[in-house]
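Trainee: Chains as they are written, first to last, in the working numbering: chain C, 1 to 330; chain R, 1 to 330; chain D, 1 to 330; chain E, 1 to 330.
Hints may be right or wrong, so weigh each one.
Note that the list lumps identical chains together, so a pair holds whenever it fits in one copy or between two copies.
The calculated lysine to any residue pairs, modelled on SDA-like cross-linking and capped at a C-alpha distance of 20 Å, are [unchecked claim]: (1) Lys170 / Arg290; (2) Lys324 / Arg6; (3) Lys243 / Pro59; (4) Lys172 / Thr85; (5) Lys243 / Gln259.
Source of the hints: derived by calculation from the structure; they are not laboratory data. Every value quoted in this text rests on a predicted model; they were computed, and no experiment measured them.
Single-letter residue listing:
Number of protein chains: 4
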Amino acid sequence: MNSFGRFLRMAVFGESHGEAVGVVIDGCPAGIPLCVQDFSSDLTRRRAGAEGTTSRREPDIPLIKSGLFNQKTTGAPLAILFENTDTISEDYTNLKDRPRPGHADFVAFRKFGGHNDYRGSGAFSGRLTVALVAAGVVAKKVIDPILVKASVLEVDGQTDLKTAVKSAVKDKDSAGGLIACRVERAPVGLGEPFFDSVESLISHAVFAIPGVKGIEFGAGFASGRMRGSEFNDPIETPDGKTKTNHAGGMNGGITNGNQVLFRIAVRPPSSIAREQDTVDLGTGQPAKIRATGRHDVCFALRMPVIVEAVSAFVLADFMLVEHKIPRILN
Amino acid sequence: MNSFGRFLRMAVFGESHGEAVGVVIDGCPAGIPLCVQDFSSDLTRRRAGAEGTTSRREPDIPLIKSGLFNQKTTGAPLAILFENTDTISEDYTNLKDRPRPGHADFVAFRKFGGHNDYRGSGAFSGRLTVALVAAGVVAKKVIDPILVKASVLEVDGQTDLKTAVKSAVKDKDSAGGLIACRVERAPVGLGEPFFDSVESLISHAVFAIPGVKGIEFGAGFASGRMRGSEFNDPIETPDGKTKTNHAGGMNGGITNGNQVLFRIAVRPPSSIAREQDTVDLGTGQPAKIRATGRHDVCFALRMPVIVEAVSAFVLADFMLVEHKIPRILN
Amino acid sequence: MNSFGRFLRMAVFGESHGEAVGVVIDGCPAGIPLCVQDFSSDLTRRRAGAEGTTSRREPDIPLIKSGLFNQKTTGAPLAILFENTDTISEDYTNLKDRPRPGHADFVAFRKFGGHNDYRGSGAFSGRLTVALVAAGVVAKKVIDPILVKASVLEVDGQTDLKTAVKSAVKDKDSAGGLIACRVERAPVGLGEPFFDSVESLISHAVFAIPGVKGIEFGAGFASGRMRGSEFNDPIETPDGKTKTNHAGGMNGGITNGNQVLFRIAVRPPSSIAREQDTVDLGTGQPAKIRATGRHDVCFALRMPVIVEAVSAFVLADFMLVEHKIPRILN
Amino acid sequence: MNSFGRFLRMAVFGESHGEAVGVVIDGCPAGIPLCVQDFSSDLTRRRAGAEGTTSRREPDIPLIKSGLFNQKTTGAPLAILFENTDTISEDYTNLKDRPRPGHADFVAFRKFGGHNDYRGSGAFSGRLTVALVAAGVVAKKVIDPILVKASVLEVDGQTDLKTAVKSAVKDKDSAGGLIACRVERAPVGLGEPFFDSVESLISHAVFAIPGVKGIEFGAGFASGRMRGSEFNDPIETPDGKTKTNHAGGMNGGITNGNQVLFRIAVRPPSSIAREQDTVDLGTGQPAKIRATGRHDVCFALRMPVIVEAVSAFVLADFMLVEHKIPRILN
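Based on the sequences and whatever the hints tell you, model everything.
Mentor: The structure is reproduced here in structure tokens:
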């Protein structure tokens, strides 16, 4: 249930305020050069720091516990851990009875019969995305020279992101955002008709990221208002290059050799410093709650590298299934 | 690759102009009353006939080959076949060299090295959705009294659907559409944080339907332009009922007891009676193509029952995983 | 639950006295020549007829419903059906209350709450092995020129098989047997340490065949009484050929380039024409039962081709996982 | 590839001389009391120490990194690590060119293109069985009050185990052994006909343990020499209790309510202090090798607790699939 992938597979674990979060990656080809420094850039992109991101500061040092020898992958599972060091658990105790609107507090409590680690959202926390990013670093190496690149398009409906964040902070509020992701150099033929379509597996992975509420490929929702004569991308060359790219780089669930394109909607974080209406689960009476922990104002800001990570992972899986990457690199 | 589900699992097979299409459903609880008549209503909803739908007419009689005894499911796999009877294969031979813009012709040819059954789109055909609908009929029985209901919101950007279709037909064009789906009475607690979130599995299944280009849950893309104070749904009762439903009935990937809501964007069919630009794969030169087979003008019209089917299947799987449905019904 | 395989996957379905049994094979490479005649030899080997085999006679004509075009595999799922024609269901009605000793009657009834199709053992029937054999025919083509060959070593402890069977028939009894299987030309490197070892996957598949009670690889149980100095196979050449083959062609769960060797123990069929002690599930009182249907005296006789089938399937899966077989054949 | 289980799933990782070995367990019910002390007894049983076991001494302290809160399982994945502390890697460098007869050296080198961590057998090492034992401790809690109990039947063909080991040590040799395992109180109905039979999943798991070469259920290989009149277990009570237990507690792949019984053959360890014949992979010439690291003389001695662990894991998975264990314990 907490694992993903067919040929390349990851299992994530950990809680926000537990000892560690991590990932086990199985099926990675042998012989890929890998070292701790390779993770720095992507982990830094994900890390908090800018205005609008949480004040929690984790060093995010990847502890590679297995699968690496002489600085290359061995073909055995890679286990990568990140210790949690900057945890302040007392922030969260009052959430047990008063679930935050828009948050997983209520469902977590009900689903796990009260046994869930509720501190800092426990296993639901965005903290676990550090494990996804680590898996993405490996996946990006696997798919090289395929390139996955995501960026923030908008925050709170605005393209001037700094201003949008400042405004939300000032209002003690949080903000949603839109992310775009593109994949360059994906070969023709990844994906399967029906259940393992490119759209199916990318969306499966992307909706695993907390906060995502929508995804569209190519023209996406706009294609629902198009005619075929407008939507269909004229084919220009025998290798399948098209004049337009309304299909987002895939037909029939399979990559067509053009740029893969998709956009993602990210809701605003639920924890805000304003008072919100909830219910007291003990008394059953209406109650008020005001988030007091350390939270992002807009986690869309930290999300591009996470979207890249899961997308690269899906592509690596497709490339291995399709035998377009060898099991051993020399 | 052509199967889906964890506890309740379906494997689909068949081609548009082959002998049959079908589905094997594994993991279905024993003791569910089921007969051929139970399939009629949903199969009729999917079948062609109205203006804007293909002129191909299939009787769509489900042949239940296994898993049924004394008109109840036995707990063994259900195999359900639909014979193809109304096939006119000569329509398609010219597509081998001249792939239709917007269509899977090109990728199918390349992915399978020319061995694919290209007649009527072969394994990529919407014809296979009859198997999905059959699986959905079973799934709906499994999840009863949970109710899944989908409908067309728009065709070609218009809510007067008949007029929109007539206009597209008149223009020898095709049209996209928008579908809404809602789930009533889903209990709290379905889904898992991360990879098996409700959004992940529903989107995985929905993007298996040919033509889907986008999905959004609750406020969806609009949530990317919202503030938290607006998006967060105030909790009103101890059983989790909320005042608004921007979250679409789920938090942290898990159902919260409110109505599950999502919308789907469907692109226009690629086969249109107008001339379109493509390339001749034999000569490598630009070429023209005009679709001559029998096609839908707007397959969004036939899609609600297919969306219901895959969504019901996902819910049945979740209900079994969560032990909210027994393995044996009495 | 009724499917098997990672990259190459089969889902079996059907009941002994239902309409049909069959198999859906997913992940088969495209471009493999295949026709109905290819199945004849192996299906004949499995079919009844000789003394000691059931008097039920099925034509066993494979109906290939999908995945084949121009007499080659397309890369899409292969669905193969076998209709049941020679069924005499009234034979079995008395078994509902009086489970046969050694038979699945009792557990089937209990597991499926009485909803199981009990006619001719339903989904537990050896009849379903026709689907395994069909999958094996495909798998043998996939792994060519790797050769899998099984044969009967003993029946009822004797190597003169005809005499052994005659004696059991005369005594109104049934007999067990031993099967040997060897694989020639398997390359070095199939299998994984731990869970996907060659032994793990072969044994998983072999124990799916009704009646198997034991499996041993290489020296097998005898190795438990050996010293290392005797068991260890001296390596003679740089490509790994060994002087002896106590390991049965694998080390650490991975093929080592020598012949793969294993032996299988098959219990005697439970249905015998003698009176046996059971209990009446209705009254709870001791009861007698005498099997009256048509049964094998020794199904070990028909098993070699079934063992070959599942073993070839496992090898094909390994070869695809290891990228030693292309996804498309030309 | 390094994971196992359907509903309850474990992924193992680590190498003999790497930093750590460990396991991630997914799907464990919430609310099960668990603490570090719970692991002591089983880890001690597995640990070296007695004559005939390796001189490597690891403290084997389970580091539970996630999935535990207030000393109970949370329902989120359990990650359990064991650090490697007593590693002497220089012992193994000469094995790179001269593979040990009977050992995974050769196949590991070939399979992973020389990238494998060859120190102490790397990912093939029996060291990883500590992770299996840890998973077993959790699984035993899940299935309580079902009891799994394994023991050594023979070493080197003798039942006086101490004498047998002393003799092998004196001869600078190693010895094989036989293990018996029984399961008490397994309910009727676990397992599925065909691929997920009890035999299939237990054998799959048991052959993941390094050194196992054979498995038999109930009468096992002896049943291949029996008549049905002897083998069939007369049913004595309406709950399925039988007079004899040649079937080993299962019919048709499904538990029948009697004791589950199986036996396992364990080969002698390949590393012995005597000179053995091999080939030098560099020169291609015959060569001699004498193992100098620290090794077990007979790992059958340490194996019962490992067999219990994987068997308990399989049973826990079956119990969850069959809904005989709740997802949340109170």
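Trainee: Look at each hint and say if it fits the structure.
Mentor: Quick rundown of the hints versus the structure:
1. In this assembly of identical chains, the alpha carbons of Lys170 and Arg290 lie at most 20 Å apart only when taken from the same copy (16 Å versus 58 Å across copies).
2. Taking the closest pair of Cα atoms, Lys324 and Arg6 come within 20 Å of each other both inside a single copy (15 Å) and across two copies (18 Å).
3. With identical chains, the CA atoms of Lys243 and Pro59 are never at most 20 Å apart, being 46 Å at best within one copy and 40 Å at best between copies.
4. Taking the shortest alpha-carbon separations for Lys172 and Thr85, neither the intra-copy value of 27 Å nor the inter-copy value of 50 Å comes in at or below 20 Å.
5. Taking the shortest Cα distances, Lys243 and Gln259 sit within 20 Å of each other inside one copy (12 Å), while across copies they are farther apart (42 Å).
The structure fails to meet hints 3, 4 from the earlier list, while all remaining hints are met.
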